[in-house]
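*Asks:* Each chain, written out:
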Amino acid sequence: MGNFPTTVKHCLSYEELIQDYPWLARWLQEEKEMVPTGVKIQLIDMLSETGLPVIEATSFVSSKWVPQMADHTEVLQAIHRSSHVRYPVLTPNMHGFQDAVAAGATEVAVFGSASETFSRKNINCSIDESILRFEEVICTAKQRQIPVRGYVSCALGCPYEGPIESTKVAEVVKRLYELGCYEVSLGDTIGVGTPGSMAKMLHSVKKEVPSSALAVHCHDTYGQALANILTALQMGICTVDSSVAGLGGCPYAQGASGNVSTEDVLYMLHGMGIKTGVDLSKVIEAGDFICKALNRKTNSKVAQARGDNSMHCRMKKINT
Amino acid sequence: VRVFSFFNVSPVQWLVQVGASAGKALPQRVKIVEVGPRDGLQNEKTLVPTEVKIHLIDMLSEAGLPVIEATSFVSPEWVPQMADQVEVMKGINRRPGVSYPVLTPNLKGFQAAVKAGAAEVAIFGAASELFSKKNINCSVDESLQRFEEVTKAAKEAGVRVRGYVSCVLGCPYEGQVSPDKVAQVAKRLYSMGCYEISLGDTIGVGTPGGMAELLEAVSREVPVDALAVHCHDTYGQALANILIALQMGISVVDSSVAGLGGCPYAQGASGNVATEDVVYMLHGLGIQTGVDLPKLMDAGAFICRSLNRKTSSKVAQATCKL
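Heads up: the protein sequence lines correspond to chains A and B, in order.
So that you can map any letter, position 209 of the first sequence is 209 in my numbering, and since no number is skipped, the others follow by simple counting.
Offset between the second sequence (1-based) and my numbering: plus 1000.
Everything labelled a hint here was simulated from the structure, so no lab data went into it.
Built from N, CA and C at the ideal position, the CB exists for glycine as well.
Some hints could be false.
Partial selection, computed: residues in chain A whose CB lies under 8 Å from chain B [to be verified]:
1) 82
2) 84
3) 161
4) 162
5) 264
6) 271
7) 302
8) 304
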């Protein structure tokens, strides 16, 4: 299974109302210490209070593969479910889907790849085989009226194959969409994309799937995430994934960063006059909490700038 | 944000419009002004030996950077890091075709710079009165009068002058800064004879909307070919701000190898945007820079070892560890 860290999704509408969909809560195996269940629950509860309306709570993968997610049922059942928030979970196959539904899941997510080699190395099967597996999940979910979100990894490059043809990405996205995913999130898994490759990829994908059903999941490994997100917005994409405190490093580059931080994305959106309904300072607090619990520094530049001792903290706020 | 009401569109609609027109308008070539050896090192606590500075500049010259800000002719009392200014100027290997501007806050500094062999100088104005007072102890007007002496002398000596305006997107003391005020200061520097004006987001608070609004205002007073952006990455916004600037016709970008130079207003926070990350984005967009990224990263690795600090460049972090 892929190592997908906590993510936050922001949904933009042309009425300038941003509905933020923070997906949260899949820890990377790279987080060496097991995070206590209580900490995960508290984090999700804090995020539920920020104004973010969707929080990806956990993952129903086998605990053999992802020990960090072994407490999936406990987490899903213990979180305080706000009426304004949705709590989707990852389900790699029917077994996981059934466990998820039994635990009370009301939305699920499936993960495909645009790279054959990545698919084989990551989940031990070809892209075609993985989609057959998801077809079962999606069909069953449809019958139970459970929405399914699709993810496509390596949309802008693969750690094994290098550059990926945008037409290949479009093909996989189209298949997931036609099978019944209400939205497909395009993942720059190793963060190698730039505005140039982002624009090219989106151009191909938009020919097959409407923009309203697309999202971008940018990694900040090469510092390109915000520029890539800006490009996506300019091309009519209105949903963005990100991760509080930029949690989740890159499993392919030790010490390098992974997810873009929610705080930095929100800062950009708010600065552009786009309303999100999200309280940035509460997200910073949640980020602060989880970083203390993990004993690590935040990856969010906004959080670093607004840290306790900084003058920025006392400055007249220009973009809040 | 004013630009939106000006165009009577929503932020997202405006973004889409700028993006759509940019597809045809992105510059084919961008000039990178490398400020690491001056702006970068000036804001690093560790005092760097002269030979290390010289070696850094030489490595940057080899990496293909067309402009490298070498040092600063300010009083060593104020900026001890730049006390070896003359030695550095005389010690570097000047590559043909590469420019090595130096900072000159006043006529005295200018004269010392020319004596030491400088062929290009830089002067710094501010768009904020409070910042000007706190930083250089005088009002914006007084500072501009001081600079007029420098530009006059520079003209006579055949020395090029680059102007900087700080706090263009926000001030640590005043908060919001009016784009019209920035435009006024930029216009004065340009009329005085500065061949280029670099607009500095000194505390990195700017976002793409504010950047676009700023550039709209300034380009009404100064031709866009004579403008540059100097973005700080304190809030992670630098590359997004640079991208918007490119879309609006800017083709000169300041940056600092390894992202040297933190923010003096936020302990531990970052400052300058890393040259490696800017070059990575530009090359990914098919824009030529003349820069050899691996050689640039070598220069970054060298200076970080000497400073005993980690690079602030994400490209460097990602590449070293693979």
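*Asks:* Are the hints correct? Go through all of them and say.
*Replies:* We went through each hint and held it up to the structure:
Against a cut-off of 8 Å between C-beta atoms, the interface hint on residue 82 of chain A is violated, since the closest Cβ of chain B lies about 27 Å away. At about 23 Å, the closest approach between the beta carbon of residue 84 of chain A and any beta carbon in chain B exceeds 8 Å, and the interface hint on this residue is violated. For residue 161 of chain A, the shortest C-beta to C-beta distance to chain B is roughly 15 Å, which exceeds 8 Å, and the interface hint is violated. About 13 Å separates the beta-carbon of residue 162 of chain A from the nearest beta-carbon of chain B, more than 8 Å, and the hint is not met.
Proximity of residue 264 of chain A to chain B holds as hinted, the smallest CB-CB distance being about 4 Å (cut-off 8 Å). Hint on residue 271 of chain A holds. Least Cβ distance to chain B is approximately 3 Å, under the 8 Å limit. Because the smallest distance between the Cβ of residue 302 of chain A and any Cβ of chain B comes to about 5 Å, under 8 Å, the interface hint for this residue holds. Because the smallest distance between the Cβ of residue 304 of chain A and any Cβ of chain B comes to about 5 Å, under 8 Å, the interface hint for this residue holds.
Hints 1, 2, 3 and 4 from the list above are not met by this structure, while the remaining hints are.
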